[in-house]
Amino acid sequence: AQRVTQPEKLLSVFKGAPVELKCNYSYSGSPELFWYVQYSRQRLQLLLRHISRESIKGFTADLNKGETSFHLKKPFAQEEDSAMYYCALRDSNYQLIWGAGTKLIIKP
Amino acid sequence: NAGVMQNPRHLVRRRGQEARLRCSPMKGHSHVYWYRQLPEEGLKFMVYLQKENIIDESGMPKERFSAEFPKEGPSILRIQQVVRGDSAAYFCASSTGTGLEKLFFGSGTQLSVL
Numbered sequence: 001a002q003r004v005t006q007p008e009k010l011l012s013v014f015k016g017a018p019v020e021l022k023c024n025y026s027y028s029g030s031p032e033l034f035w036y037v038q039y040s041r042q043r044l045q046l047l048l049r050h051i052s053r054e055s056i057k058g059f060t061a062d063l064n065k066g067e068t069s070f071h072l073k074k075p076f077a078q079e080e081d082s083a084m085y086y087c088a089l090r091d092s093n094y095q096l097i098w099g100a101g102t103k104l105i106i107k108p
Numbered sequence: 001n002a003g004v005m006q007n008p009r010h011l012v013r014r015r016g017q018e019a020r021l022r023c024s025p026m027k028g029h030s031h032v033y034w035y036r037q038l039p040e041e042g043l044k045f046m047v048y049l050q051k052e053n054i055i056d057e058s059g060m061p062k063e064r065f066s067a068e069f070p071k072e073g074p075s076i077l078r079i080q081q082v083v084r085g086d087s088a089a090y091f092c093a094s095s096t097g098t099g100l101e102k103l104f105f106g107s108g109t110q111l112s113v114l
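Protein chains in written order, with this note's numbering: chain A, 1 to 108; chain B, 1 to 114.
FYI, nobody ran anything at the bench for these hints, they're computed from the structure.
Quick caveat, the model's predicted, so the values are computed rather than measured.
Note that beta-carbon positions come from the ideal geometry of N, C-alpha and C, so glycine has one too.
Incorrect hints may appear among the rest.
30 Å max Cα-Cα, derived DSSO-like pairs, lysine-lysine [as the list claims (entries may be wrong)]:
#, chain 1, residue 1, chain 2, residue 2
1, A, Lys73, A, Lys107
2, A, Lys73, B, Lys44
3, B, Lys102, A, Lys103
4, A, Lys65, B, Lys44
5, B, Lys27, A, Lys57
Here are the computed distance ranges between Cβ atoms for each label pair [said to hold, decoys possible]:
#, chain 1, residue 1, chain 2, residue 2, range
6, B, Ser58, A, Pro18, 35 to 41 Å
7, B, Arg84, A, Asp62, 38 to 44 Å
8, B, Glu41, A, Ser28, 30 to 36 Å
9, A, Pro108, B, Ile54, 46 to 52 Å
10, A, Pro108, B, Glu68, 46 to 52 Å
All chains should be built: construct the whole structure from the sequences, respecting the hints.
In structure tokens form, the structure reads like this:
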């Protein structure tokens, strides 16, 4: 079954500390994965996708097919990173399968 | 460009009433997606529409739920005879095509069924 799992509902780290938001997936084909972010009182928006292999706002995510993971990382957290983060997988019908989300809180 | 507009932001209905949720896609976007988010859960795909066509409604319950995207006007998600379990946040997203990386989301409608 196709599934995206974000095991942590809440992650709290201090400013300047490294951040890793976990995402594991279950998919029989070749996955295409995304991270979306929702800042307080704002809309859900695309943060990055694995195809582009880019770094946005200091965040990176590497697709690990062996571990079926797409963890989101940032070496030094900033207070403005506090938000809800959603991992999503695109299936063969071009639909998105979503994780339940992780709330990231950056403590000053 | 005001982005994807959803209204109302909050909708309260009593059991058995009808709920109508509206979504105006971004200018130039002809593809609309509806998602539902239950508390503590991720977004769940409901339906994918293009102008005047339902492309994929596999995520939408067969009964009581319907969606449309007319040639003119917003996309409408309609829930008839609402029940408490319909209480959720309903998000609409639009794009110019099937490129989901170009998906833009609305602010959502929070439906509460009393």
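Evaluated hints:
no.: 1; hint: A/Lys73 x A/Lys107; result: holds (17 Å)
no.: 2; hint: A/Lys73 x B/Lys44; result: holds (25 Å)
no.: 3; hint: B/Lys102 x A/Lys103; result: holds (23 Å)
no.: 4; hint: A/Lys65 x B/Lys44; result: holds (24 Å)
no.: 5; hint: B/Lys27 x A/Lys57; result: holds (27 Å)
no.: 6; hint: B/Ser58 x A/Pro18: 35 to 41 Å; result: holds (40 Å)
no.: 7; hint: B/Arg84 x A/Asp62: 38 to 44 Å; result: holds (42 Å)
no.: 8; hint: B/Glu41 x A/Ser28: 30 to 36 Å; result: violated (23 Å)
no.: 9; hint: A/Pro108 x B/Ile54: 46 to 52 Å; result: holds (48 Å)
no.: 10; hint: A/Pro108 x B/Glu68: 46 to 52 Å; result: holds (48 Å)
The structure fails hint 8 only (numbered hints given earlier).
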